[in-house]
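Starting from the structure of chain A, add chain B where the hints point.
Quick mapping for you: the protein sequence lines, in order, are chains A and B.
Residue numbers for the first sequence follow my numbering, so the first one is 1 and each next one is one higher.
Residue numbers for the second sequence follow my numbering, so the first one is 1001 and each next one is one higher.
These are computed hints drawn from the structure, not numbers from a lab.
Do not rely on the hints blindly, as some may be mistaken.
List time: in silico DSSO-like cross-link candidates among lysine-lysine, alpha-carbon distance up to 30 Å [claimed, not checked]:
id, chain 1, residue 1, chain 2, residue 2
1, B, LYS1107, A, LYS198
2, A, LYS267, B, LYS1107
3, B, LYS1122, B, LYS1065
4, A, LYS198, B, LYS1148
5, A, LYS267, B, LYS1148
This is what each chain is made of:
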Amino acid sequence: MSDQPITDLSEPRLASSWSAATGSWLPAVILLLVTIVLWEAAVRIFAISAFIIPAPSEIAKSLVAQWGTLMQATLVTAGEILFGFLVSVVVGIAIALVIVRFDWLGRALYPLVVLFQNVPKVALAPIFILWFGYGLAPKIGLILVIAFFPVTLSMLAGMQSVDRSLLALMNSVGASPTQILFRIRVPHSLPNLMAGTKIAATLSVIGAIVGEFAGASDGLGYVIQFASTQLDTALVFAALLLVSVLGITFYYAAEILERIVVPWAPKFSQS
Amino acid sequence: MRIETIRAAGDRPVHIRHDDLISAKGVSVVIARQLILSDIDLSVPKGSFVSLIGPSGCGKSTLLKVLAGLVQPTQGSVSIAGLAPVEAARKRMIGLVFQDANLLPWKNAVDNASLLLGIADKSLSRSDLRARGQEMLELVGLGDSAHKRPNELSGGMRQRVAIARALALDPAVLLMDEPFGALDAITRDSMGQSLLEIWLRTGKTIVLVTHSIDEAIHLSRHVHVLGIKPGRITESLDIALPYPRDLSVTEDPEFVRLVVQLRTMLRSSHQPGGAS
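Okay, chain A solo, but in the shape it has when bound (with noise of 0.2 Å):
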């Protein structure tokens, strides 16, 4: 009969697609390597200073000769990264729910928020610094309007799409407006929710670099642009290195919580 469950393909498809990824890295992986030896190799053979152009050696010299000061720099950018992220999600969803359960709210609201995101926010940069000092106040207020618009047009996008037919199922019963936002489109949403959040969680990383360069007496942005005034270029490379490590860091935490809130998501139970 056609009325079987198709459960049992889950678990080989689990461990194939696991394969597949990693099959899928190793190309990737490759070219990394090669590229790193070339770039040495032509570092050396051309001579190239290490002011305009360190070779990957340098680089790494740079990262263990100065490895306590740029610890300490992470520590400082991913705690703004950390911080910054989590209220732009809180804001990114409040503002969406408002939209969606107000409707005269949300027509106010909603081109507002499209037309702010037309406004380059890496201008605003020296506006904050002004506004609330060197601290972390200014870097929190960057990647908050860096990065809570994906979210908030994620999660709304989300919540619109609810089908009809459900919505009218719910209406035939008697469900208020509260109760389908919050049994319907908001779990309904949380799939694109995710979407939006790996996408604020990259922007956040850049709302806290361009934060420290407007304005900072620490953090991995501070140690690029301090260095470079230095011409200290392997140890501008060095804590670039680090700024991407976090970066990715983020992006797959965000990912993993991906698959914890939602395992239920199309993309995981399509093949």
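Quick look at chain B alone, frame taken from chain A:
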């Protein structure tokens, strides 16, 4: 039950007993300046199984939505046991099943089955709801799949959960809009057979929208044929085959005769215009 008094010849009052659960009188629907349904009169006796069949675009789904209170008729009136459809739905008298099961992917089968009941009756506890959901899943033959999520169920099983969800309300009438339309032929047959068994066991009144001639004759007691442009009931057919019916009914000479008759009716219903 309602008693209507009309005046017969010589002004003699005549009492007519209606035990129609659903009655639609002169229902017309205009959507975006288009006449979708024109002057529909439909009565569905209590406990009956009625099918609405017609070509695409004849408004049979719209008619079902009117009966469910989801679409307001531009003209005419509908009553479900004397109530307006919206009121009847609020009193849990209407169970709805659509072509798409529309289950919540984050809830398991038993929680999906009790979803609407939980909203309609706030006095029920979580365990009451679970018990009721489980009972309904057993009725539709899914008693052992209670904890599976929709993505672990086949299309036919998902639709069974949707039927369980509608039945959990203990509605007087089950309104079904092409509930098996997205299923393959074999699943479709077994779903139809299950629906018949559920109908015989529960005594619900069922209105089924379908475009399958075989399905309409296999399942229903009365079939109404809808024509297009505008949507209207062109013909009605009583299916005199005895219940309980199983799939072997499709080999019955009477079944074959009815298929031919219904197909002829459908062909003439394809002609737009007034010929009725």
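The hints, checked one at a time:
1. With a C-alpha separation of about 24 Å, the suggested pair LYS1107 of chain B and LYS198 of chain A falls inside the 30 Å cut-off, and the hint holds.
2. Taking the CA atoms of LYS267 of chain A and LYS1107 of chain B, the gap is near 17 Å; set against the 30 Å cutoff, the hint holds.
3. Simply put, LYS1122 of chain B and LYS1065 of chain B have alpha-carbon atoms about 26 Å apart, close enough for the 30 Å limit, and the pair holds.
4. Pair hint LYS198 of chain A plus LYS1148 of chain B holds up; C-alpha atoms about 29 Å apart against a cutoff of 30 Å.
5. With a C-alpha separation of about 18 Å, the suggested pairing of LYS267 of chain A with LYS1148 of chain B holds against the 30 Å cut-off.
Every hint, counting from the list given before, is met by this structure.
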